[in-house]
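A.B. asks: For reference, each letter of the sequence shown is one residue, going -19 to 331 in the numbering used here.
Worth flagging that the hints you see were computed from the coordinates, not collected in a lab.
There may be inaccurate statements among the hints.
Unchecked claim - Calculated lysine to any residue pairs in the SDA-like style (CA-CA distance at most 20 Å, straight line):
#1 224 with 204
#2 318 with 264
#3 224 with 253
#4 318 with 224
#5 318 with 329
To be verified - Label-pair ranges, simulated between beta-carbon atoms:
#6 201 with 10: 43 to 53 Å
#7 117 with 205: 20 to 30 Å
#8 139 with 73: 17 to 27 Å
#9 284 with 73: 33 to 43 Å
#10 -10 with 98: 17 to 27 Å
#11 176 with -10: 12 to 22 Å
C-beta atoms are modelled at their ideal positions from N, C-alpha and C, and glycine is treated no differently.
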Amino acid sequence: MRQMTLGNSSVQVSAVSLGTMTFGNQTSAAEAHAQLDRALAAGITLFDTAELYPVNPVRRETVGLTETIIGDWLATRGGRDRVQIATKAAGPGDKVRAHGYDGATLRQTIDDSLRRLRCDHIDLYQLHWPVRGSYAFRQNWRYDPSTQNRAATLAHMQDVLEALDQAMRAGKIRAIGLSNESAWGAMRWIDTAEAMGAPRMVSIQNEYSLMYRAFDTDLAEVAVNEGLVLLAYSPLAAGLLTGKYRRGVVPPASRIAADRASGGPGDLGGRFTPRASLAVEAWHGLAAELGLDPIHMAIAFTRQRPFATIPILGATDLAQLDHLLAGLDLVLSDQALKSIDKLHRSHPLPF
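Hey, can you work out the whole structure from these sequences and the hints?
C.D. replies: Next up, the structure:
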């Protein structure tokens, strides 16, 4: 597996990451450990988690459980130096903390994550979503930044960067990153860090797939010029691109079924729409025309962008993970990439 360096840090990671947000809910601890074993055997060394996990649904009583499951795996398997652990501090919400995070909070949350992960350092510590608000999670349709206070935002960034700098100097974290961030926000984090002499953000974990390419313009420019690596989450559009929900079918063990069983809307966070279903049919049609597995095509696309990208693979069981791993050698031809861009114009942002 090819290795990549995160920004200007010394942290080297695999060019593909394993996501863990179902560990402890849809995926049992034993199945999670088996996935970690399988991914590591395939050369994947970057494992991404969050204090919030597991999801589907997020429950206050399970906050931190995924980190605990990973920590148990690390303790039983050994070889901490073989892998890189990335985790995230939750922003404002009703499941973890109403205020999200500030410097004082992060000093505690880092220690809490280290305790659950049963290790002495975190390779990449990320801010899950901005405290000031963001347009992630389908909030772009009603996004209103007019209530934001620039001075308060910059003061908050300084406070957070001071805490992260202290944690890095103490050896608790090796690098820092953003998540669900905008181009303006990313630049303010970078400029503030440079003015303070604090560590720079080296990555940004945002949604990115054939069906959601909001990153392609302003954020891509920031990433290239400022050395940010995109950790692309939902590269299969929350499972839509697998085709398992085609023609309205909802498999019993799927994310939609799990969400509906817990009283949720079962719409994949607003992604399961009529327009999205039409787009899925089109993408599967193109894959068939090109003679490609649609899942492998979707993952390969995220790895061949004009900016550094690490797709985060997510699976609820080993069979799904094995299918994902089987396509990691695929390199799309120039003609295939042109066909993808042409089809994208017909189905931009379908959710």
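A.B. asks: All the hints need checking, so say for each whether the structure fits it.
C.D. replies: Evaluated hints:
1. 224 with 204: Violated - the C-alpha atoms of residue 204 and residue 224 are around 34 Å apart, more than 20 Å.
2. 318 with 264: Distance ~16 Å between residue 318 and residue 264 Cα, so the pair holds.
3. 224 with 253: The given pair, whose Cα atoms are some 14 Å apart, holds under the 20 Å limit.
4. 318 with 224: Violated. Residue 318 to residue 224 sits at ~26 Å, over the 20 Å cutoff.
5. 318 with 329: With a Cα-Cα distance of about 18 Å, the restraint between residue 318 and residue 329 holds, given a limit of 20 Å.
6. 201 with 10: 43 to 53 Å: Holds, since residue 201 and residue 10 (Cβ atoms, about 44 Å apart) stay within the stated range.
7. 117 with 205: 20 to 30 Å: Since residue 117 and residue 205 have Cβ atoms about 27 Å apart, the given range 20 to 30 Å holds.
8. 139 with 73: 17 to 27 Å: 20 Å, holds
9. 284 with 73: 33 to 43 Å: 34 Å, holds
10. -10 with 98: 17 to 27 Å: Since residue -10 and residue 98 have Cβ atoms about 23 Å apart, the given range 17 to 27 Å holds.
11. 176 with -10: 12 to 22 Å: Hint holds: Cβ distance 20 Å, inside 12 to 22 Å.
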